[in-house]
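Novice: Given chain A, work out where chains B and C should sit, using these hints.
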Amino acid sequence: MAKITINGVEQAVEDGLYLIEAARRCGVDIPHYCYHPGLPVEGNCRMCSVEVEGIPKLQTACTTIVQDGMVVITDSEKVVGERSDVMEFLLRNHPIDCPICDQAGECGLQDYYMEHGLHDSRITVSEKVKKKKRVDLGPNVVLDSERCILCTRCVRFCKDVVGTEELVIKNRSNHAEITTFPGKGLVNPYALNTVDICPVGALTSRKFRFQCRVWYMKNATSICPGCERGCNIWIDHHENKIQRLRPRLNPDVNNYWMCDEGRLDFHWINDDRVLRAEGPDGLMRPDEADRAVLALLSNPGDVLIVASPRSTNESLFALKRFVEVALPGAALTGGSFRPTGDDDGFLRLPDKNPNSRGMREIGIAGDLENRLNGSAGVVLVFENDLLGDRPDLESVLAGKKVVAFTSNRTATARGADLVVPVTTYAELNGSFTNHAGLRQEFRSAIRPPGDSRSVFDVVKSLSGLLGKELGWESETALTKEMTDVITGWGVRVEEETELHAG
Amino acid sequence: MMIGVKKIGKPMDIKERSYLFEIARGMMTSIRHFIRNVLNQGAMPTLQYPEEKRVLPERFRGRHRLMQREDGTPRCVACFCCQTACPADCISIEATERDDEGEKVAARFDINILRCVFCGLCVEACPCDAIRMDTGMYELADTNRENLIYDLNTLLRH
Amino acid sequence: MPAELFMPFVMVLVAALLPLQLLPAMIWAERKVSAFIQDRTGPNRADILGIRLGGVIHSIADVVKLIAKEDMTPSKVNSFYYSLGPFLALFISLIPFSIIPLADTLKIGGAAIPLRAVTLDVGILFILAITSFHVYAVVFAGWASNNSFSLLGGLRSAAQMVSYELGLGLSLVGMIMVAQTLDLNEIVRQQGGTIFGILPAWNVFLQPLGFLIFVVSIFAETNRNPFDLPEGESEIIGFHVEYSSMRFAFFFMGEYIAIIGGSAVVATLFLGGWQVPFFDTEMLRENAMLAARIAFGSTAALCVLLSIILMAYDKKLQALYTDKRRFEARVLLGIVVTLGAGAVGGLLFLPTLSSLGEQIVTAIVQNTFLVGKILLFCFFFIWVRWTLPRFRYDQLMNLGWKTLIPLALLNIFLTGVALVLFDRGA
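Chains as they are written, first to last, in my numbering: chain A, 3 to 504; chain B, -15 to 142; chain C, 94 to 519.
Watch out, some of these pointers could steer you wrong.
Mimicking DSS-like on lysine-lysine, the simulated pairs with C-alpha atoms at most 25 angstroms apart in a straight line are [to be verified]:
#, chain 1, residue 1, chain 2, residue 2
1, C, Lys200, B, Lys(-1)
2, A, Lys470, A, Lys403
3, B, Lys(-6), C, Lys495
Please keep in mind that the hints were generated in silico from the structure rather than gathered at the bench. Note that the structure is a prediction, hence the values are computed from the model and not measured.
Chain A extracted, bound-state conformation (with noise of 0.2 angstroms):
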C-alpha cells in the first residue's frame, strides 16, 4: 500500500496504480479524454494534469504511478487553468455542430467544456480546419474528422483489445485525422466498441445514428441474451421501443466490451412481435388462449412440453414445476437447434443461447430431439423457434397439435395451431446463468406489448385453471426458491458502474 495525499487528504492506495486510477477511488475525479481503464495508457490530451509536490511541471495522472508520500494537488489554480487552456485547444478546430451531433446529451467536450472551459472563442467557425464529416469506415461505423480529438482510444483498442490494428492516425498536427489502412475497413466483430469508447461525436453508430437523441432516452440493467457469455448491458430506450444496446462493465464477464453481433440483435423486441393470442377461429383473450391451451391438456401422457435455453431461469423454473404440479405425466424437454458459432477467443460463444446452463442446472433434460420424434400429440414448445433453426422439423410436427408461446412471428408460431404471446427477456425480470455458472440477473427495460405476458404468468394461470397451485405468491418467492434450491445460485448483488466515465 501506498500512501498519497491528494488535495490535502492523506488516503492509502494500492501500489502500482495511475495516478488518474488512484484518484478516483479516492472520490476524486480528474477530467481525461485518452485515459480509458480498458485500454494502454498513452497520455496524449493532456486533460489530466495535476500537480505532483517535488516535480516543477504538471504531470499527467494517466502516467504517473503512485509512489508512496506523493502529494498531489488537482484543484491549484495552475491545474484549473491548464485544463482550461487543454480545453481551447481540443476546441480550436471542432465544429460545433452539436445540433447534428449524435454524441450531444453525452459528449465529453460538453460536459468538461461546462466543468473546466467556459472560455471565449478566439477564432471564428471560418478559421477553423475543414475535414471529411462522413468517413465509412466499415460496415457499422461512421466517422466525423472534424469531431475528432484524436485521443487514439479507438485506435489503441483495435490494438490491444481486439488485436487487427485496423485505425492508424495519418497526417501531422492540424490535418492528422483517424483513418483505415488503403482498401481496408473496420471490419473487426468489436468494432462498434469504439463508438462507445470515443468521448466525442466522431466515431458515430451507422445503426443508431440519428436515431433518437440521447437525453431522451433512459436505461435499464440487462443481460445480452446472443450468446452463453452473458455479456452485461444497459438497454436504453424511449417510448417503449429499444433503441440501443450498450457494454455494461463486469469485469468478471465482458470488462467493458460486447460484440457487434449482440449489439445490434435487439430489432426483434420492437418489430413483428405477437400482440394478441390465435388461434384457428382467430384473435382470443388471454383467458380464451389459456382455456383453448388447456382444452388440449386433458390427456398429460400425450403432451410434450419444449422448453428452450433462451427463456429465463425463472421462467424454467416455473415451467419445471407447472409439469410437476399441474400436469403429472406430461413430457418436458428442453434443448435448442439454433445455428451454433465459433469461439473466438474473446467474447464470443459458439452456444448462441444466454441460459443453456441455467437449464441444466434446473434440470430439464436436452433430448428435445428424441422426444419430437416420439408419440406425443400436443407439443407446447415455449419461446423456441424449432421450425425456424430447423425448417426440416415441419414434417415431424406434421401431425401433432402446436402451441408457441412465442414473443415473435417466428416460422415455429406461422407453423402453430395456437399462438400466444409472451415477454421477452427485456419485458421481464429475471436472470440468465452463463456458461460459467455465473447466474446474472437482469431488470425489465420496457412495457410488454399487446397481451403478451411471461411464462410465469401463463403457467400460473394454466395451473390456477388445473385447480392447481405452484406455491409461490410472486416471482419473488420463486427466485428465492429457486436461489436456495439450486447451489451457487446465491443472489448477486449488482453494483451499477458508470460506463461513459471509464
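Specialist: Same frame as chain A, now just chains B and C:
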C-alpha cells in the same frame, strides 16, 4: 399569542349605512356608461371580429413555419431542440441523413397545432433559425383533427 | 252589438297580449342595456335576410332554440308538480294585468265601459293575493325536481317571498289611507291634478317612503337582482336547475312578465297610471284634435330623426360588410320613411273628431303614457340589475324583517299623523 380580529377602515356612518346614497352613486356610474355608449357606439372597444381585425403586434406569435435555405431545402437539421423545449409535446421529428454531405435532416416534421400553446420556446431553442412563428396566422380552426397536424411541406410553404 | 258586451273580451285579449308583446323587447333590452353599461356592443349577429335590428332577432333565435331543445325530465320526479311549477310561474305573472286600468273609463251613450279586463273593487288586495301564489311555482319546482340543490333553492325563495310580502303589503297601507279606496282606477284618477301647482299629484310624491319600500319589495318578489337568490345560477343554484327547453323558458318568461307586471303595478299605484301629467281626462277630451296633431307631428319628427341616424348607420354598414347585412339600414330606412309619410298624411288629413273619437284619442294617449311609464320602470329594473351585486341571504333577511317592515309601520304612523293634521281623514 391570541388570534384577534383586526378591523380595517373606519366604521360606516349613518349615510353609508342607509345604502341609498351609495346605491344612487353606483346607479349614476352605470347610467353614465350607458348614455355614453348609446350616443357614441363607435367609441366602444369592441371589434366586429370577422369583419374587423386587430392589427397584430410585430412580435405576435402565430402559426409556425419552417425556413428554407437559398437552395430551397429546409434549414432544419433535425436537432430535436424544439421538440425537447416544447412544453406541450406538440412537435414530433424523425431524422435522417442527407444524401450529399452526410448531414442530418428532418425526414418528418409534424406540429400538432391542437396541442401547441404558442409559447415560442421552439423558436428560441432553434440553433438554425429554422422555425419561426411570424406568419401572423391565428385563424387555424378546422373541422378535421388530421388537418391540424401540420407536416414538413405545409410548414415549409407557409 | 252593444260595446259593453264585447269590450271585456277585447280587454282580456289586450291584457294578455300586452305583457307577451313586451316580453321579447324586455329580453332584448336586458341584453343591450347590460352591454352598454359594461362597454360592450351586445347581441348583433343573428339576422333574417340581413336584418338584425340591433340584436332583436336574437330573441327570435332564442325562441327557436328553446323550443327545439331536448326537454329533459329527470327520473324519479313528481311529474305533476314538476310540470305545474313552470306553468304557475308564467300564469300567475300574467294575472295582475287583468285589473290594471289601461285608460280612463269610456262613456258611450250613458254606459260606462272600463278599459280593463276585470273590474274589481278589491284591486290592490287581488294583486297582493295573486302575487303570493308565485311562491307555489317556485316551491313546486324546487321540490318536484328531486334534487337537493333545487329543493334548497325553492325553500330559500319561499322564505324570501313570504318575508317581503309583508313589506309589500304594509307599504301600501299608507297609500290606501290617503286614497280611501282599493279600486285601481279610482286610485289613478285621484292622482290627476297637481301638488302646489308644479308636481303631478302622484302617490310617489305623497308617499315617498311607501314607494321606496314597495319598490324594494317588488324587486324581491320578482326574484330580481339584487335579490335573485332563488336562482343564484352561478353560485348557490336555484330551484330550476333541473329544467330545460320550454319548461325552463316558462320560468324565464314568467320572471320577465313578473317584472313587466310589477312595473305596471308601480306605475298604476305610484306613478299616476294612465294619467298624463298636468292634463286630466276632461282637458284631454276637449283638446283631442290638438293631442292627435301633436301625436302625428311627434311621430313624423321621430321618423326624421331615425332617418338621419339610419343614414349614418348605412355608411358604417357599407364600410364594414360585403354580404347582405349591408342593406339593412336601407330596408329600415324605407320602413321609417313610409311610417313618417303616414304620420304626415295623418297630420294633414285629420278629420274632425266625434265625441267617441275624442274619447278614443284620449284613451290612446293615456295608454301610451301608461306603457311609457311601464317601460321606464322596466328599464329601472334592468339598470339596477347591472349595477348592484347580489345580497347575501342573511343580509336579505335582515333588510326585509329589520328594516323594511319597521319602516313600513313608521310610514303608516306618519301618514296617519299627516291625515289628522291636514284634516283629510275620515
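Novice: Would you mind marking each hint as holding or not holding in the structure?
Specialist: Hints and how they fare:
Restraint check for Lys200(C) and Lys(-1)(B): not satisfied, since their Cα atoms lie roughly 51 angstroms apart, outside the 25 angstroms limit. Proposed proximity of Lys470(A) and Lys403(A) is supported: the alpha carbons are some 24 angstroms apart, at most 25 angstroms. Between the alpha carbons of Lys(-6)(B) and Lys495(C) the distance comes to roughly 24 angstroms, so the proposed pair stays at or under 25 angstroms and holds.
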